[in-house]
Amino acid sequence: MNKNFFEVKNVDFKVGGKTKVANVSFAIEKEGDVICLLGPSGIGKTTILRTIAGLEKIKKGSIELNGNVLSSEKKNVEPENRNISLAFQENSLFPHYTVEKNILLGAERNKDKKDHQINFQEIIELLDISLILKKYPHEISAGEAQRVSLARSVITQPDLLLLDEPLSNVDQSFKEEIQEKLKKILKSSKITTIIVTHDSYEAFYLGSKCGIILNQELKQFDDPYNVYHLPNSIEVVNFLNRGTLIPAEVTSPKSLENKDLGTITGNFLKPFPIGTKVKLLIQPEDLHHDDKSNLKFEVVDRKFRGTNFIYTLKTPSDTFIPVFVHSHHIHQHDVDEKFGVRRPIHIDHIVCF
Amino acid sequence: MLKNLNIWFLSSLIVSLIVLIPILTVFSSFFEDTSNYYQILKDTFLFEYISNSLILLFFVLIFTFFIGTGTAYLVSFFEFPLSNFFKWALILSFAVPPYIYAYSLTAFFENYGTAFTILKNLFGDANYNENIPKLDGMFGAILSITFSLYAYVYILARASFLYQSQNLIDLGKNLGFSKFKSFYKVILPSARPAIIAGLSLVAMETLAEFGAVDFFSINTLTTGIYNSWITFDDLAFANRISSFLLLFIFSLFIIENLSRKKAKYHFNSRGGLKQKKKTKLYGSKSFLAFIFCFFILFLSFLFPLSQMLYWTLKFPENLFDLQIIELFSNTLYLVLLSGLLLIVFSLIANYGNRVSKNKALNFLSTLSISGYAIPGVILAIAFITFIAWFDNNIIKSLGFISIKKFFIGSILGLVLVYFIRFYSLAFNGIKSGYEKINISVDESAYLLGYSKRKTFMNIHVPFLRNSLLFIIILISLEIIRELPITLILRPFNFETFATTAYISASEDLLEAAAAPSLFLILIASLFIIISSKYILRENNE
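So the sequence lines, in the order shown, correspond to chains L and Z. Numbering follows numbering that gives the first Met the number 0, with no gaps: position 146 of the first sequence is 145. Numbering follows numbering that gives the first Met the number 0, with no gaps: position 214 of the second sequence is 213.
The following block holds chain L by itself, in its conformation from the complex (with noise of 0.2 Å):
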């Protein structure tokens, strides 16, 4: 028996006669659960939405919602059918209906729900477009189109809604409440959701778990802060750009040595036999600034990220490692000038490949 919600299994996405992604297989265990997928541009994350959809068939694999089969080889429901609601990325409202229109065609979807919990008020409220309801599409600015399709989507009460950049032409300034306002609405009304983001902060914010799509495969399904501390393969490492790999040896089951930085203790989250050769994960935050360490480094670059600082180091083997240091802090290291780094170096999390 079908113990997950919502399960896609070993489905290879197809466009066209393309694969985009394949073999792929997650669930969402609960309804109500939000899931999100990462990935870069153009990697096939559209796809699997509109494929779940029903706006594409499958040849591979099943999905299932709910114990029933929407798309397998032999059997497709039609999308009218699924009771699936996509907020598409581009302008998808109705051209010759105003935005209270369009968002009023979305409730009209499942308005004999027994459990309906939103009403319009409350989705125009939460997502700030009572002021354009009379105005149509043409009208709007493209992040204000954005927040209508996310409201009629929401508003049909679906089994599933699925999310495609919901945010992305949503300004940086406004993103974050939306986020909170957009999290909060999926929270209150119990909607099974999957967003496609390219934007991990987004994924790790609103989803309970993350998939990473990268080189036509799922990479990586799992909960936001293992996917950014125990990233499982070397592409995950490079997507997120969370790091660099440094090359190390094994020296014990504790402890790993390399030229520059000496000795690294640690837990290893996955056992490497004593004298493995292997690439060391080190992120901005492993390390720890030390006006007073002799272990000194070249200071090649320096980003403000108005929280913190991340510099570059250059270590004498040609390396290129990056630091965390709280913007607060005492004083600020110029480009070519010596940093300290805290000796001895303990790494909670080791990650090695």
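Be a bit skeptical, because a hint or two may be false.
SDA-like, lysine to any residue: derived pairs with alpha carbons at most 20 Å apart [unchecked claim]:
#1 Z:K358 x L:H288
#2 Z:K356 x L:H95
#3 Z:K451 x L:E30
#4 L:K100 x Z:K276
#5 L:K13 x Z:V354
#6 L:K13 x Z:S355
#7 L:K56 x Z:I436
#8 L:K74 x Z:G448
#9 L:K134 x Z:L521
#10 Z:K453 x L:E107
#11 Z:K430 x L:H95
#12 Z:K435 x L:E138
#13 L:K74 x Z:I436
#14 Z:K356 x L:E138
#15 L:K100 x Z:N437
#16 L:K134 x Z:P461
#17 Z:K435 x L:T18
#18 L:K100 x Z:Y449
#19 L:K134 x Z:K435
#20 Z:K276 x Z:F176
#21 L:K100 x Z:V460
#22 Z:K435 x L:K74
#23 L:K56 x Z:R353
#24 Z:K356 x Z:F455
#25 L:K56 x Z:K313
Reference excerpt, derived from the structure (chain Z facing chain L, CB under 7 Å, subset only) [stated by the list, open to error]:
#26 L12
#27 E78
#28 P80
#29 S82
#30 A125
#31 V440
#32 F462
#33 S466
Just so you know, the hints here were simulated from the structure itself, not pulled from any lab data. Just so you know, these numbers come straight off a predicted model, no measurement behind them. Ideal Cβ placement from N, Cα and C applies to all residues, glycine included.
Knowing the structure of chain L, use the given hints to seat chain Z on it.
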């Protein structure tokens, strides 16, 4: 393959087959015997037909280029007295088909014609006929076709100039170009695809022109086709000449399509670019710009209109003899029937293309719009040829009664051939309307639980309403002006304004041709004025 057999596919297939009939019929003529006329004609007139067609084409293209581009340039870039009026008034020339222009030209310049009367009234009795130029023959045909068709170049060039960004013009200024250098180095090259598209349309129409060249007795390929059918009753040879003409026209059709695609990219670049400011002209420059535009408007529209009006008033008995209500209801009948058929099939084909994403269907659609490129004379004769062949070889052999009378000399046949000729108008009109509805709008509708039918009725049709209205106006305009198909295929005693004018003119009763021509011009002008905003792409970017 069987999976593709749905209503959309079948509908497009039927339309494509109907359009294919005349094309296949024309080319199949190579496998048939022709009468002796072929040999006689090959030895005598064929060279003349071809050379006349090419001479006509060459001069019409040159004149329409200068007039169309010149007027478009003036109204797009400069402000001068009545420039906003000229912007749309210059397309009124569409209301005057070349054959009516030819009647006006003759009526004015002939011996004892209107020019003579004017001179006599001004300067008294004298033999002015010797001094009045006779604008007939080849020169008359070139003028008639030029003034009737230059608006194709004007409309497309103007649209292209209109969407040229201020940045492009500023760039020319920045490089130190004079106005003239900016025009031929920057403005003209970037409008080139649009101008070529306009000229290709002019070329197709010129090669297809029948009424004016027939009136001036110029032997071209089109009149050759008509004569080999009507005089020598040799359908096979008519079709054989048609195939030469068709090959030439199809190459123009391809050029036009390719140019139009490029022109479209040009229009799209408008977004985000600065809008152009018009330069205000003063003094003699302003006067010259006004005079040029007025001169073209006068020659292309006001002159034939006033000539026809003058003769209608001068010979009022012809007006009283004219069965206006009958002619009007006949025209309306044809417009409504053809319009309905065209709209329904074009909607189905466009919707089919949209939902099925089938390559074969797409190919069929492209094929089915090629009917527009086939001259009316060829279409009508090929249609008759096909029906005769089908009736003799298929229907009769199956033992059924002859179907000729249902298709030849009947409204059904006439409407079917109109359908082939004007299908691309309706299809492309709806297609451009559909292009403005993002495909994700349909998908959103499905995901909101809408069926395909509900999506079509509730989302597409309301959005396409304006496009449909515009298409009906365009079809009406074309059918009102249309001559050869109506002439060849109309039922006995069924006349339109165009055929009434033609018959009177061909019987040398030009004064009797004036009243129907005047009505034709007035009705067509009304349609042009109603649709001018769409034609000029002002609401319809």
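Compare the structure with the hints numbered earlier in the document and write down the numbers of the violated ones, lowest to highest.
Going through the list in order, the structure violates hints 1, 2, 3, 4, 7, 9, 13, 14, 17, 22, 25, 26, 27, 28, 29, 30, 33 and respects the others.
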